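Participant: Sequence:
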Amino acid sequence: MRWKLDINQNYKQTIVIIEAPEMTEEISNLTTFIDQLTCSLLVKKDDTEIKLNLLEIIYIENIERKTFVYTETEIYEINRPLYDLEKNLKAFDFIRINKQTLINPRYIKSVKALFNSRFELSMISEEKLIVTRHYQKEFKALFTKGGLYDA
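Each residue of the sequence shown is one higher than the one before, starting from 1 at the first, in this note's numbering.
Hints may contain errors.
What the hints assert, rightly or not - Using 16 Å as the maximum straight-line C-alpha spacing, the simulated EDC-like pairs for lysine to aspartate or glutamate come out as follows:
id	residue 1	residue 2
1	Lys4	Glu19
2	Lys51	Glu74
3	Lys87	Glu61
4	Lys90	Asp35
5	Lys99	Glu120
Claimed, not checked - Simulated DEER-style distance windows between Cβ atoms:
id	residue 1	residue 2	range
6	Asp47	Ser110	30 to 38 Å
7	Gln136	Gln9	49 to 57 Å
8	Asn8	Arg133	48 to 56 Å
9	Glu77	Asn116	25 to 33 Å
10	Thr38	Lys99	29 to 37 Å
11	Leu142	Glu74	20 to 28 Å
12	Cys39	Gln9	23 to 31 Å
13	Lys44	Phe92	48 to 56 Å
14	Glu72	Asn8	32 to 40 Å
15	Glu19	Lys109	32 to 40 Å
16	Lys109	Asp84	41 to 49 Å
Please keep in mind that the hints were generated in silico from the structure rather than gathered at the bench.
Only a predicted model underlies this, so the values are computations on that prediction, with no experimental measurement involved.
The beta carbon of each residue, even a glycine, is placed where N, CA and C say it ideally should be.
All chains, full assembly: derive it from the sequences and hints.
Facilitator: Below, the structure is given as structure tokens:
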């Protein structure tokens, strides 16, 4: 694969064109990454609403019926249930790892197998998260489809 960048002040907007003879896993990963760059979630921090880019999200967690969004440096609140976020963020490769947590797998630093068919994830934010047995099959699929990619 090769790419070309053409910067010109006469262009009114940015357009990304992918020319390929067929759809491949590499192109699919690329389009997912581009979609993440252009999509955002409306979150709250101290009564201020902020549009948060999906690429900044490390994980989303539901605690006592409140949903929190974690980035490297901030914690935001969002007024949407986790099942709704899971449904909408699945297209961007976010996956559910337990009843309370949805992760962006690009931010996994390491994986450690635990007893009872569970896994402990170390995220780049140094948070430790647990993949429960119920969600392990989808988690393991990350590795069988070509591994965790660094987009």
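Participant: Going through the earlier hints one by one, which of them does the structure break, listed in rising order?
Facilitator: 13 and 16
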